[in-house]
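Chemist: Could you slot chain B onto chain A? The hints should help.
Those sequence lines, one after another, are chains A and B. Take the first sequence: its letter number 299 is residue 299 in our numbering, and every next letter is one higher. Take the second sequence: its letter number 29 is residue 29 in our numbering, and every next letter is one higher.
It is worth saying that the hints were derived from the structure and are not from the lab.
Straight-line Cα separation of at most 16 angstroms, EDC-like style, residue types lysine to aspartate or glutamate; simulated pairs:
(1) 66/B / 95/B
(2) 175/B / 302/A
(3) 179/B / 348/A
(4) 600/A / 552/A
(5) 179/B / 140/B
(6) 209/A / 185/A
(7) 179/B / 67/A
(8) 587/A / 566/A
(9) 175/B / 348/A
(10) 66/B / 96/B
(11) 175/B / 67/A
(12) 435/A / 491/A
(13) 175/B / 44/B
(14) 175/B / 341/A
(15) 209/A / 186/A
(16) 600/A / 644/A
(17) 175/B / 47/A
(18) 435/A / 67/A
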Amino acid sequence: MTPNTPDGLRATPHVRSRLLGTLVIVAVALLSSSPARAQSIDYNSLEQLFGESVTTSATGSPQRAAEVPANMTIITADEIRCSGARDLPGVLRHVAGVDFLQWANNDTDISIRGYNQAYAPRTLVLIDGRQAFADFYGFVPWSALPIELSAIRQIEIVKGPNAAMFGFNAVGGVINIITYNPSYDDVNTATVRTGTQGMLEASGVATMKLGTIGALRLSGGLQSENEFQTPIPPAMDGVPRRQNDRAQIEAYAVFALSDDAEVDVQLNHSHALRNDVMPAYSYSPFWIETNAALVRFIADTDVGILKFTAYTDWLSQHGVVDPTSGQLHSANQVNVVQAEDLFTLGSDHTIRLAGEYRHNNTSLTRGGNTYYDVVSGSAMWNWRIAPAVSLTNSVRFDHLTLGFSGTIPLGNPVPNAVRPPTIDQLSYNSGLVWKVDAVNTLRLLASRGVQLPSLANQNVGAPVVTSQTVNFTGVPTLHQTVVSNYELTWDRSLAELSASLHASMFYQHSAGITTSNGAVIFSPTGASVAAPNLGASNAAGLELSANGLFSESWRWSLSYRAEFVDDQFPPAANGAAEIDFMHTTPKHLAKASLDWTLGKWEADIFAGYKSNTLGLQPGPTQTVLVPIGAYVSVDGRAAYRLADWATLSVSGQNLLQSPQRQTSGAAVERQVFATLSVNF
Amino acid sequence: MLCADKVCAVAAICATLLTPLARAADAVALGDLQAATRSLGFIDSLQHHSTISIGVVYGPAARDGKNSAGQTAGALSAIVGPGSSTLRATAVSSDELGQNGQRFDALYLMPGLAANGEQIADAVRRLHIVSISNDGACLDARYCVLMVQAGSGVNIVLDTALSAAAGVQFSSVFKMMVKRR
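So that you can see chain A by itself, here it is in the shape it has in the complex:
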């Protein structure tokens, strides 16, 4: 699907008014503040107390990582630093069971447990619980995420659906990026980086206490680099690639209102020029701009921890140059209001009750905007059945109303009589955690999540794009994709070896899988290509991982995933409808890392193996499958601590072979960069 030229949302005035409103709230908070501690999670103190990572991403309740009723991986700030990565995809590509497709220097699609594709829609990404997923096309604009790596405390990755907690689109997995809280964390870092592909980057994070009334974190970054020079396969060639640029700035303030209440305010802006591979597998450069404003009130009361959150995300995407369609522009605005109460009942029960309203609006449709409103209610019940056994059940109900504002132009391929539908969907997560003994933990997990078609794919009938050759249209009656996941996990601590093992078996059923292109709707003005529901897909897999230490200087990890996908699409659709998970999901995925520290020196090496797959490219009429051979990629980092406050490092990606073909698109190049980090 390609963005169009219709009337875009006028984001800038909205941004200004919202920012102004936010500033007023900040001012009110400042005036009413008093010296106090904050009520949000003090991750650092809890980690020190329990000796392990702490998370709220599984159930909404604070939990030790070893006790969550989910298959979760937590990447710590230290692991991010040692990854040597310059961006989030560079960190995530080392994580067990995470699939990545690097299409360009600054364009990567990431998914969990396979099912990856251009504009991957199955992984919900959030920053401190605020959605960073772009609903209009159903993807994650990784290079435009408004966060600096050095501002991240930890990245929490939930494998499988977690929709009872986060709602629509949390089906393949959830990546929740947790940033440093200026109330508790003092982080003052400046980083400069330069490297191959003409890369230049500067970024910084600073935290400060605002007297006795609160705390503030500021961060920002600028990055510029050239695109890979490797040739784009002719079938995918579109608009010439451009230089990648990225800029980001954000502010995060926490104001204590009393001993038991606080207000958090977050403001973000980012923009990036990226060379995207579109859902139809052609290259096209885009400017993407994001703005966000969030206000959150948290209070520790006699009736539990109350939390009220309101935020707005603005995203706009502009085609840089398109000889066939001219200047492309589309925009998406998401307004969210959430309320929750988290409380304990007796000694064995923790309950979370929550409600949410969401308004999502996009300018994709000619002559107006397509939008939906979602009203949701959810509940979580954690029951400690016995000292070693706990059961958590979460359920969420979403009621969605799809609508259209404006005038549907003549020639609409979907009859105007088609009324926008309402959607009622139930999601659940259920997890039994049994600490069999001091070293063994078993988890039995079942979940159901719902993936919405992107707003582009379900917009109300009017043509999304009219190019010289073909019309694209949305289909408001498109069904949702329902993903059900069942799994058994086993964790074992091997204290004598300073190691731990993890194994899991999963079975996943996806019904009503959608693609952007594959149906044809005929109207008096001609045929329009539309998004269809293709059918179901089943996946079964095994995940094994281990990590540990030997001596005090060495840290290692190994992981392996075997996954077998069976698509149940109409035979004619296989490989021809922009998705083909059976052939594009690698059957074998293995990763390894080795980290060494001695005195002022650090060295880290990461290897990844992906078995041979097929990839998709545009064909004469529809997509076609092309072979991609198995490959091993190696990343590495070497660092020297110049002083307690300064570290110099050299790191690289795709070091083993350059160019190296990893996708159906252009081959990736070796990237090497030098980084100077200064703590002040």
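Modeler: Structure of chain B alone, referenced to chain A:
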């Protein structure tokens, strides 16, 4: 082999029976003390304290109890408290709690104080302070607000009834993350 197993079993039983006495005489593991002091950071009333005063409680009849408690107090005083607060620990006999004008913000209970449990629980309720021990028996005898052990993993149990009786308020986050009884 069988004989050896029986010898091991007898030795294990003897060790178990003798453990309370043995532990009473031992200094408490540093990991237990660190976890205990970190727990203090989640008590509302201690949030703003720059110095936290801790009474290390020993049984008056315990052999070498005062000496062990003194060692533990020394170890506690060397630990940086929550929020960079200073910990000032002093050994105190269970029958001297609340006497002689001594005021404590928290009590750390040496192991093997079950015989003095009633006395300690009464002091906790009367003085409105938290009592912490690494001795699991304190939970059954209901005289510790927190049982904190840091072995291969940190195990914390909160006695909600005694906590309420003492008026000790923990943050809700902390209460959700520990075992409650």
